[in-house]
Amino acid sequence: MDLTIGPNQFFWKSDDWASFYKEMAQAPIERVVLGELVCSKRLPFYRAQIPDAIVALQDSGKQVALTSLALITLKRERKMTAELTEMGVEVEVNDLTAIAELPEGIAFSVGPLVNVYNEGTLEWLAQLGAKRICLPPELTLQSVAILARRAADLGVAIEVWGYGRLPLAISGRCYHARLHGRGKDNCQFACEDDPDGLRVSTLEGQPFLAMNGVQTLSDSYACAAFQVETLAEAGVSALRLSPHSQGFAQICQFFRQRLDGTLDAAGLATRVQDAAKDVRLSDGFLEGARGADWSVGAP
Amino acid sequence: MVMEIVCPAGTPAALRAAVKAGAHCVYCGFADETNARNFPGLNFDRSEMREGVAFAHQHGAKVLIAINTFPRAGSETLWHTAVRDAAEAGADAVILADPGLLAYAATHHPDLRRHLSVQAAAANADIINFYKSAFDIKRVVLPRVLTVPEIALINAETEVETEVFVFGGLCVMAEGRCSLSSYVTGKSPNMHGVCSPPSHVDYHENAGVLDAQLGGYTIHRAAPDEPAPYPTLCKGCFTAGDKEGHLFEDPVSLNAEQLIPQLAKAGVTALKIEGRQRSRSYVAQVVRNFRAAVDAHEAGQPMPQGMLARLTEGQATTTGAYKKTWR
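Top to bottom, those sequences are chains A and B. FYI, the numbering for the first sequence is 1 to 299, going by the working numbering. FYI, the numbering for the second sequence is 1 to 327, going by the working numbering.
You may find that some hints are simply not true.
[Stated by the list, open to error] Listed below are the simulated DSSO-like cross-link pairs for lysine-lysine, each with C-alpha atoms no more than 27 Å apart in a straight line: (1) B:Lys-323 to A:Lys-75; (2) A:Lys-22 to A:Lys-75; (3) B:Lys-324 to A:Lys-131; (4) A:Lys-277 to B:Lys-132; (5) A:Lys-41 to B:Lys-323; (6) B:Lys-324 to A:Lys-75.
I should point out that these hints are in silico values taken from the structure, not numbers from a laboratory.
Next up, chain A with everything else stripped away, as it sits in the complex:
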């Protein structure tokens, strides 16, 4: 299996953004999806860095794609989406609107925020030109296996969420702005101080979710350490690692070792927790009673 780096979901300082992708150019991964997924207001702060990052990644042999936004409503956002192809790399569709904006017949990939739950939708997307689909994180191993089999017949590569806080919801409302008593239009970039999102806990102090502007994520970091063999047998082409600010380059190495067979599942889980500074891990969407569950003990 390959490793794909998903688009950074958070609002990082422009310099941090640029050095992250410099680091990724040297990482043992095959593919990088970059660009703005969550909020169109963030993009101007690092847009100028994108072409250099693409070149550096391609020069080191990585495939590169550019993501669409996860929720496209405004005219400005539709225009932005239509312009994605101008960068000369493949577009990853994370709102079906992006397919409507792409030139007809052009090949594209589909990200985890498009609802691909069944064979019918997979076939429809393949007909339209989808070459690669990262399945929604909510799917069980059973569904993944069925879809991977159908995708193989259609020549579509299947990716599965391998690491990182899970994107659970997207909204018209900005929760970071709301937390600071502001509206979305006057957010003053309340999300910029939380490079991995802001933890949301229950009133009992139990870590629960994370807010990231208009997006809501899990507090736990998904980690498919224990499902690698099953996913490979099912014909899954790649694991997707979602960027975080702590120890990410190391974590890429560990996942590579896991895929190469030089590190076992428990070893990967331990190393990830060390590198990412004691995050809670989960894999319950793939094979638990619920998303928050973790193969090795309660969340």
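Starting from the known structure of chain A, arrange chain B on it as the hints suggest.
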């Protein structure tokens, strides 16, 4: 043209009550996971659906059948059968969200009118027109993330009719794009047609303080003199940073009755009432009031004031995303 009132019916009795109260349209679903209100004791078996459609048609009302969850891989037949049975029951339209299912319906039942469910979260004219060219949808139920001016812009750019929610439960997240419930309970709106299900709710009382938990996570805490709302995940009380409160949404419900004139001006075709889980008397009362409001608007009379206050049971209401400040 008079705006259509599209009214929920969780049971045959609610369907009849809604039709008698003046609903132009009733929407309902089969009693299984094919629809997004898959609650115990609700929804229609096949013969109830046929009888419900016949009753509505006799009274000049339409029936829209919601088949708006996302079919499970390997089990698409269940959803395909639902579309076929909706056609056979004489439904005036099916409300669908999944592209694969839309493709199936368009191919196998081309004459069965297709509406795009709110679960598809189609939030701009480009994607709506794309769905029209792909599956010939005739109407879209707009997600609850848009302002009234944005709805007007969409209507200016598409021939597809638009339907908007005006009353009842309010999703804070874009519908069909939320897996909060399955993260906590394993049951999701997209896959199982449920959100924050009662089967996973627990209450714990300690010194008069009532904790409402969902899947073991405390969603709400009520002091002895406070009301204890149902622990719907996104309307819970949480902490982040140094703040505590309803970080996503207050426990409010939607009431856009006063926006009817603006929605009409924005080109909206139909007004949708949420609540297939509600009683028939509730449904009848909401329908009567909205019908009166729409008829008053059509006759050029002012909107009746505060007509639904009693039905929200003193609960706070909001106009949601229709006003920009909500964001």
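For each hint, the structure was consulted:
Between Lys-323 of chain B and Lys-75 of chain A, the direct Cα distance comes to roughly 18 Å. Compliance with the 27 Å bound is thereby established for this hinted pair. This hinted pair does not check out: Lys-22 of chain A and Lys-75 of chain A have alpha carbons roughly 33 Å apart, beyond 27 Å. Taking the CA atoms of Lys-324 of chain B and Lys-131 of chain A, the gap is near 38 Å; set against the 27 Å cutoff, the hint is violated. Of the supplied pair hints, the one linking Lys-277 of chain A and Lys-132 of chain B is violated, its CA atoms being roughly 49 Å apart against a limit of 27 Å.
In summary, the hint linking Lys-41 of chain A to Lys-323 of chain B is supported, as the alpha carbons are separated by about 20 Å, within the 27 Å threshold. The straight-line distance between the Cα atoms of Lys-324 of chain B and Lys-75 of chain A is roughly 16 Å, inside the 27 Å bound, and the hint therefore holds.
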